[in-house]
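Q: Residues per chain, in single letters:
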Amino acid sequence: MELNQLQRSFLEYTAALFREGFLDSQFSQLYQLQDESNPEFVVEVVSLFFEDSERLINDLSRALDQTIVDFRKIDAHVHQLKGSSSSIGAQRVKNSCVSFRNFCEAQNIEECSKCLQQVKQEYLLIKNKLEALFQLEKQIVAAGGAINMVEWML
Amino acid sequence: MRMGGLATETQFHVLAVDDSIIDRKLIERLLKTSSYQVTVVDSGVKALEFLGLLDDDNGSIDSTTQNHHKLQVNLIITDYSMPGITGYDLLRKIKESTSLKNIPVVIMSSENVPSRINSCLEKGAEEFFLKPVQQSDVNKLRPHLLRGMA
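Chains F and X are the protein sequences, given in the same order.
Using full-length UniProt numbering, read the first sequence as starting at 1 and increasing by one per residue.
Using full-length UniProt numbering, read the second sequence as starting at 1 and increasing by one per residue.
A few of these clues could be false.
To be verified - FRET-style restraints, in silico, Cβ to Cβ: (1) F:Gln135 / X:Glu111: 46 to 54 Å; (2) F:Gln139 / X:Glu111: 39 to 47 Å; (3) X:Pro83 / F:Asp65: 16 to 24 Å; (4) X:Leu121 / F:Ala143: 49 to 57 Å; (5) F:Asp65 / X:Asn112: 50 to 58 Å; (6) F:Arg55 / X:Ser119: 27 to 35 Å; (7) X:Lys95 / F:Glu105: 43 to 51 Å; (8) F:Leu64 / X:Lys123: 31 to 39 Å; (9) X:Asn118 / F:Glu40: 19 to 27 Å; (10) X:Ile21 / F:Ile109: 23 to 31 Å; (11) F:Glu36 / X:Asn102: 32 to 40 Å.
Claimed, not checked - List of simulated lysine-lysine pairs, DSS-like, C-alpha gap at most 27 Å: (12) F:Lys120 / F:Lys73; (13) F:Lys138 / X:Lys25; (14) F:Lys73 / X:Lys95; (15) X:Lys25 / F:Lys129; (16) X:Lys32 / F:Lys138; (17) X:Lys32 / X:Lys95; (18) X:Lys123 / X:Lys140; (19) X:Lys25 / F:Lys73.
Calculated directly from the structure, the hints in this document are not laboratory data.
Quick caveat, the model's predicted, so the values are computed rather than measured.
In this text, a Cβ means the ideal position worked out from N, Cα and C, and glycines have one as well.
Can you build the whole structure from these sequences, using the hints too?
A: This is how it looks when you write it as structure tokens:
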């Protein structure tokens, strides 16, 4: 695919992610922090988010599986996941954490399990989408282009 | 803005404290884009260790010890909710320390709780930033840092 087409695909794909609520403006902020001295910043932060989220989701599964469920621990994990998803602009993951915390407070195991499934789903969705986005970026850079954040925000 | 010969050579040194690896990366980058020298630690205990406050409760460690072993810290920015020592505890210990009480402290939190914000400001925090922290927040640090040079 030639460069212009790639760049157009990139813009359309990102616009859709914002429009459908997968990402919020915080994601754009990450690109403001990327420059020639830190050209991989966004990929690095998002990779940290993936690792951290997978760890938290595993911890949450284990915690909900216990004979005696420790809701404070679960709430602490969800709070962390809410924070990190908010920090990278993963809006739908963040919102699913908000609901989760409400059910933690109510100490409702069944609803918490449903929330965990929801969080998992949202996480996998955004992971796939961001990985696809980064692939597109790689192709653009390989074709001699660059990602211009300003265009996104128009 | 340059205040004279000294300021052109020394960079302000900010100590950032956060238990989240993502937030640590973010705050470090935000601070570095403002040309601050940055040290990042992942807990309040490590922060106290870095500041030389762990061995001595009232911070009456010889100030020359601090200067020999560690770079001077011009501002501390810390997350509020951390396991172990919270950001509030850290703030309190710094303000109760004879050697460190004049270092400006800024609190970050993902939760907008007015009573929390008030108690931090009352305890002596200069600013309270809601997460995710923005460049515009980091821009607010400069006046507090410059005041320290007076």
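Q: It remains to establish, for every hint, whether it holds in the given structure.
A: Quick rundown of the hints versus the structure:
1. F:Gln135 / X:Glu111: 46 to 54 Å: violated, 35 Å
2. F:Gln139 / X:Glu111: 39 to 47 Å: holds, 40 Å
3. X:Pro83 / F:Asp65: 16 to 24 Å: Roughly 22 Å apart at Cβ, these two residues keep to the hinted range, so it holds.
4. X:Leu121 / F:Ala143: 49 to 57 Å: holds, 52 Å
5. F:Asp65 / X:Asn112: 50 to 58 Å: Between Asp65 (chain F) and Asn112 (chain X), where Cβ atoms are some 33 Å apart, the hint is violated.
6. F:Arg55 / X:Ser119: 27 to 35 Å: Holds: the Cβ-Cβ distance is about 32 Å, inside 27 to 35 Å.
7. X:Lys95 / F:Glu105: 43 to 51 Å: violated, 33 Å
8. F:Leu64 / X:Lys123: 31 to 39 Å: At roughly 37 Å between Cβ atoms, Lys123 (chain X) and Leu64 (chain F) fall inside 31 to 39 Å, so the hint holds.
9. X:Asn118 / F:Glu40: 19 to 27 Å: With a Cβ separation near 40 Å, Asn118 (chain X) and Glu40 (chain F) fall outside 19 to 27 Å, so the hint is violated.
10. X:Ile21 / F:Ile109: 23 to 31 Å: With a Cβ separation near 29 Å, Ile21 (chain X) and Ile109 (chain F) satisfy 23 to 31 Å, so the hint holds.
11. F:Glu36 / X:Asn102: 32 to 40 Å: Holds: the Cβ-Cβ distance is about 38 Å, inside 32 to 40 Å.
12. F:Lys120 / F:Lys73: holds, 18 Å
13. F:Lys138 / X:Lys25: holds, 22 Å
14. F:Lys73 / X:Lys95: violated, 31 Å
15. X:Lys25 / F:Lys129: holds, 22 Å
16. X:Lys32 / F:Lys138: holds, 26 Å
17. X:Lys32 / X:Lys95: holds, 26 Å
18. X:Lys123 / X:Lys140: holds, 19 Å
19. X:Lys25 / F:Lys73: Holds, because 25 Å separates the two Cα atoms, which is no more than 27 Å.
Against the hints set out earlier in the document, violations occur for numbers 1, 5, 7, 9, 14.
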